[in-house]
Amino acid sequence: MRVAEVVGRVLYEHGARYVFGVVGSGNFHVTNALVAAGARFVAAAHEGGAASMADGYARTSGTVGLLSVHQGPGVTNALTGLAEAAKSRTPMVVLAPEATAPRSNFFIDLPALAAAVGADFHRVRATHAAEDAGAAYRAAARGATVVLGLPLEVQVAVTEPWSGPVPAVAPTPATVPQVEPLLAALQAARRPVFIAGRGARAAREPLTRLADACGALLAVSAAAKGLFAGNPWYIDVAGGFATPLAVELIGAADLVVAWGSTLNMWTTRHGELIPPSAVVVQVDHDPAAFGVNRPVDLTVAGEVSAVAEAALGRLGSTGPVDAGPGGWRTPELAQRIHDHGRWRTVPYSDEGGPARQGTPATIDPRTLSAALDDLLPPDRTVVVDSGNFMGYPSMWLDVPDVAGFCFTQAFQSVGLGLASALGAAVARPDRLTVAAVGDGGFVMSATELVSAVRLAAPLVVVIYNDAAYGAEVHHFGPDGHPLETVTFPETDLAAIARGYGCDGLTVRTVDDLGPVRHWLAGPRTRPLVVDAKVSAARGSWWLEEAFRGH
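Under full-length UniProt numbering, the first residue of the sequence shown carries the number 1, and numbering increases by one thereafter.
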């Protein structure tokens, strides 16, 4: 058996069920080996799209994503998506064929490339192919993005057939977290707030019970949106996306516990959200994450769920925390959160523009998002690209749980949302996938509509189309800079989508959304692309907040 066949079989036996990619000579045999073993290959139009598909699949499914690309340019084409995955700590294995001869046209320094974007690097050896492939998969399953180098000459080498067994992913050594300082802080607090981040996505249940035990309010970073959906004490996203009520409440906290969150500038509004008087505790499995973005008063090393369970156990032996006078959990605050805890409930002046002579109508992105939230089924996965628009779908479109939200912002690259949504749709075909993109990001990635049509997955693509790179317009425009390089003539993006085989719809008013209802009532096997011509008189609220921090 050749090494390429062993690698494909081993990865399948470890759990790989889907592989996303573009096939060339260097990854032909390993990809076919995966398919022969039982995996499904999902073909992308471009390696950049394939990388984002694998990323979106892994985030949504909670399992390892697999990316297969050609040597040299196949790898470099995937780099932006790979960087996003690595910075997001997405569990992913990249099958990267390797031309090892320095004079080869395809030669690149693969280990250095992986290191440059923050990914781990493993290389398959002819005499240890099964061991090396399995080790790469297990490293990814523990939360790493792994580039697996497959030297071309090694792939064709003959090796012993592999017949298992599959080693289990090694668990984190069982240690009892030292929670006494955290426990003391919880017992002393009257107004605690939990902010759960990416590292807490699997910890809803213990964090909810601990919050109940100590009277805490529940917030999240954008990467963990939906984690506490449905909880009456959930105040949604902290930071730039935060509602006025969330800003008020976090600003009144006397204790903030960051669970699997590094409290970066977005989550803390450039450090201004958390009051200086509050005690700040950071819980993370990686001690290197402590204090990287702001000073913290206490740190607890350990997996989030384990720390929360340990704190609950100690609370059980010391008795429940008495919030006493001034505690959060009153009927009055519960009612305020119910009435004002979502952006949908915050009044605004509609800035949509009616049609005038020579100027077509536009729709306010808040009005658009609210109308879509009412139209689309609640069982959904919302995937958001980067840009000026991104706060509107992130905060006006509800999600059922943390798996229902995919936020491709770790690298802040425009153009990853559409392909990430295709991976999410593969992971959860039982849900409607909603890709929210700007017109700039859509044009960058529109070629993957070919892949969307092939998949025939239930997918709605909503383009917040302001005919510009809106972030740049609203960043530089107020200072009088010329904007010709970041504004564009109006383009019929719905027609482009129809050319790829999708259903296409142009929206300028709420009444134009009627065909969405008809599409939802149908088989949903052709993607629907909604080209929403949004008003762009000023930047989004979160972007204005971000600029104040620059």
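Since the hints were derived computationally from the structure, they do not count as laboratory data. For clarity, every value in this text was computed on a predicted model and none was experimentally measured. You may find that some hints are simply not true.
Here are the simulated distance ranges between beta carbons [to be verified]:
#1 THR100 to ALA188: 16 to 22 angstroms
#2 PRO429 to PHE488: 42 to 48 angstroms
#3 ALA115 to GLY230: 28 to 34 angstroms
#4 ASP109 to GLU351: 49 to 55 angstroms
#5 GLY164 to THR509: 44 to 50 angstroms
#6 GLY164 to ASP339: 54 to 60 angstroms
#7 ASP430 to GLY230: 51 to 57 angstroms
#8 VAL35 to GLN357: 31 to 37 angstroms
#9 ARG336 to PRO111: 33 to 39 angstroms
Note that the Cβ used here is the ideal one computed from N, Cα and C, for glycine as well.
Those earlier numbered hints the structure runs against, lowest number first: Failing hints, ascending: 1, 2, 3, 5, 7, 8, 9.
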